[in-house]
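A.B. asks: The listed protein sequences correspond, in order, to chains Z and U. Quick note: the first sequence uses the UniProt record's numbering, first residue 1, plus one each step. Quick note: the second sequence uses the UniProt record's numbering, first residue 1, plus one each step.
Hints are not guaranteed to be accurate.
Partner residues are not named here, just some residues of chain Z that face chain U (Cβ under 7 angstroms, in silico) [stated by the list, open to error]:
#: 1; residue: Met175
#: 2; residue: Glu177
#: 3; residue: Pro178
#: 4; residue: Thr199
#: 5; residue: Ile208
#: 6; residue: Ser210
#: 7; residue: Arg259
#: 8; residue: Ile260
#: 9; residue: Lys262
#: 10; residue: Asn263
#: 11; residue: Met334
For the record, the hints were derived by calculation from the structure and aren't laboratory data. Model, not experiment: these values are computed from the prediction. Glycine is no exception: its CB is placed at the ideal position from the N, C-alpha and C atoms.
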Amino acid sequence: MAKVLMKGNEAIAAAAMKAGCKYFFGYPITPQNELPEFMSRELPKIGGVFVQAESEVAAINMIYGAAGTGARVMTSSSSPGMALKQEGISYCAGAELPCVIVNISRGGPGLGGIQPSQADYFMTTRGGGNGDYRHPVYAPATLQEAVDLTMEAFDVADYYRTPVIVMGDGMIGQMMEPVEFKETSNRELPAKDWATTGTEGKRQPNIINSLALDPAELEKHCHKLDARYKEIEEKEVRHEMYKMEGAEIVLVAYGTTSRIVKNAIDALQKEGIKAGLIRPITLWPFPEKAFDAIPETAKVILTVEMSTGQMIDDVKIANKGRLPIEFYGRTGGMIPTPEAIMEQVKEILGGVK
Amino acid sequence: MTEKVIMAGFGGQGVMSMGQLLTYAGMIENKQVSWLPSYGPEMRGGTANCAVIVSESPVGSPIITTDATSAIVMNLPSLVKFEENLKANGKLLINSSLIEQKTKREDVEAYYIPANEIANELGNNKVANMVMLGAFLELTKIVNVESVIEALKKVFGPAKEHLVPLNKQALERGAAAVK
Numbered sequence: 001m002a003k004v005l006m007k008g009n010e011a012i013a014a015a016a017m018k019a020g021c022k023y024f025f026g027y028p029i030t031p032q033n034e035l036p037e038f039m040s041r042e043l044p045k046i047g048g049v050f051v052q053a054e055s056e057v058a059a060i061n062m063i064y065g066a067a068g069t070g071a072r073v074m075t076s077s078s079s080p081g082m083a084l085k086q087e088g089i090s091y092c093a094g095a096e097l098p099c100v101i102v103n104i105s106r107g108g109p110g111l112g113g114i115q116p117s118q119a120d121y122f123m124t125t126r127g128g129g130n131g132d133y134r135h136p137v138y139a140p141a142t143l144q145e146a147v148d149l150t151m152e153a154f155d156v157a158d159y160y161r162t163p164v165i166v167m168g169d170g171m172i173g174q175m176m177e178p179v180e181f182k183e184t185s186n187r188e189l190p191a192k193d194w195a196t197t198g199t200e201g202k203r204q205p206n207i208i209n210s211l212a213l214d215p216a217e218l219e220k221h222c223h224k225l226d227a228r229y230k231e232i233e234e235k236e237v238r239h240e241m242y243k244m245e246g247a248e249i250v251l252v253a254y255g256t257t258s259r260i261v262k263n264a265i266d267a268l269q270k271e272g273i274k275a276g277l278i279r280p281i282t283l284w285p286f287p288e289k290a291f292d293a294i295p296e297t298a299k300v301i302l303t304v305e306m307s308t309g310q311m312i313d314d315v316k317i318a319n320k321g322r323l324p325i326e327f328y329g330r331t332g333g334m335i336p337t338p339e340a341i342m343e344q345v346k347e348i349l350g351g352v353k
Numbered sequence: 001m002t003e004k005v006i007m008a009g010f011g012g013q014g015v016m017s018m019g020q021l022l023t024y025a026g027m028i029e030n031k032q033v034s035w036l037p038s039y040g041p042e043m044r045g046g047t048a049n050c051a052v053i054v055s056e057s058p059v060g061s062p063i064i065t066t067d068a069t070s071a072i073v074m075n076l077p078s079l080v081k082f083e084e085n086l087k088a089n090g091k092l093l094i095n096s097s098l099i100e101q102k103t104k105r106e107d108v109e110a111y112y113i114p115a116n117e118i119a120n121e122l123g124n125n126k127v128a129n130m131v132m133l134g135a136f137l138e139l140t141k142i143v144n145v146e147s148v149i150e151a152l153k154k155v156f157g158p159a160k161e162h163l164v165p166l167n168k169q170a171l172e173r174g175a176a177a178v179k
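Here chain Z stands alone, though its shape is the one from the complex:
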């Protein structure tokens, strides 16, 4: 299929439909509104359902219900709306319900602003809801990647019976780039024999539930989930290495910020400064092993985020105390410039030498 020029929000919606998503439940919030708008226009055409719920809490519980029938379902929101969805996401994790949730994040805390931000890292990777659960988080940096990862997210959700988050920010949501919708899925997915599709009197009813009052039973359930999370950590972690060979300094950045960091790295290269990038594509599972491959030439790590420093905790874990770690961030909807990042690199390298 030929490339088409699309807005990020629309491209994610189109990718979801391409992946077989027929049911969308959401509540409006900037800067992701083009996504539900697209769904409201396109889903009825294919016999799907779009519901504008009365709140984000209602939308995520509609997801719980629809996912329980085994259908491919999606909701999307932005930071404060995502916070409201956390209870429902925890319930979906507990009840092992596959679903894809998109967060086109914005500045916070509170109602915050509407400009791009990466301040939802903690909420998204640490479990904003209660209990012993995890879920994969994809952080695309380009619209093509947003399309590919959204389609992948549905497969991963079904395969592991888990909620999956796709997280971008206002820039990813609002910008336009050419995208191509490729036929990707070659994963063998298990039959959804757990879904509540009606017994027709032929089998025992399936029950979708996250309540387990017997601690021994609940512990068993948590261990089952944990084994699955360990498998995800082993098999689904993704990252990109950029210009790492001979790098004196290793930058770590994801999503929007990683694009700006690449500009900075290219410009530094022209000035004879060797900088490389580790770009996590999955935020959970975090690409810890990528840090084992940092070349010996590297003297220091610089984490760059659109927050006051959240991913840096994972960088510290992955670094295992080997290299000093510096931080540069803008927050509240401010976007770092390549020039400012270059400045930081020069200052840090000057200090390390």
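Based on the hints, put chain U in the right spot on chain Z.
C.D. replies: Relative to chain Z, chain U alone:
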């Protein structure tokens, strides 16, 4: 070759669609492209701008800071706001129909194009954006005019194909204005 262009004006002047057409045309020519709009709590008639990058190599950050190679400004607030974003020797295309003053920058190539007057002569004030785009293409040659026409057809769809000749004329008049 990488062209980083800021397009700015007030809502309704067609700066967003002008940017999208350029982006689309770049894509048709298999170039690497990005289109980034400003978004915010704007009202009708408020300011609108977008950043377009057309390049032979992959686009890194879609944001244009102080490294714009060109800027197209359709009204005075846009000139004041964005002339600072141009690189030295960058091209500054000013809609002189609505902007009476000159640029403060002495290190850029400024072009004063009476876009609204030209558009009115063509019988439709709405194609002022295409006049500016025509001038921009003539100056930068970043994509072929034919690709923009092709993009127009795709964006308009068959129902509005009758508008293509008018837009084509506007592109040509814009080009002629800076020849």
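A.B. asks: Taking each numbered hint in turn, which are not upheld by the structure, reported in ascending numerical order?
C.D. replies: Those not satisfied are hints 4, 5, 6 and 11.
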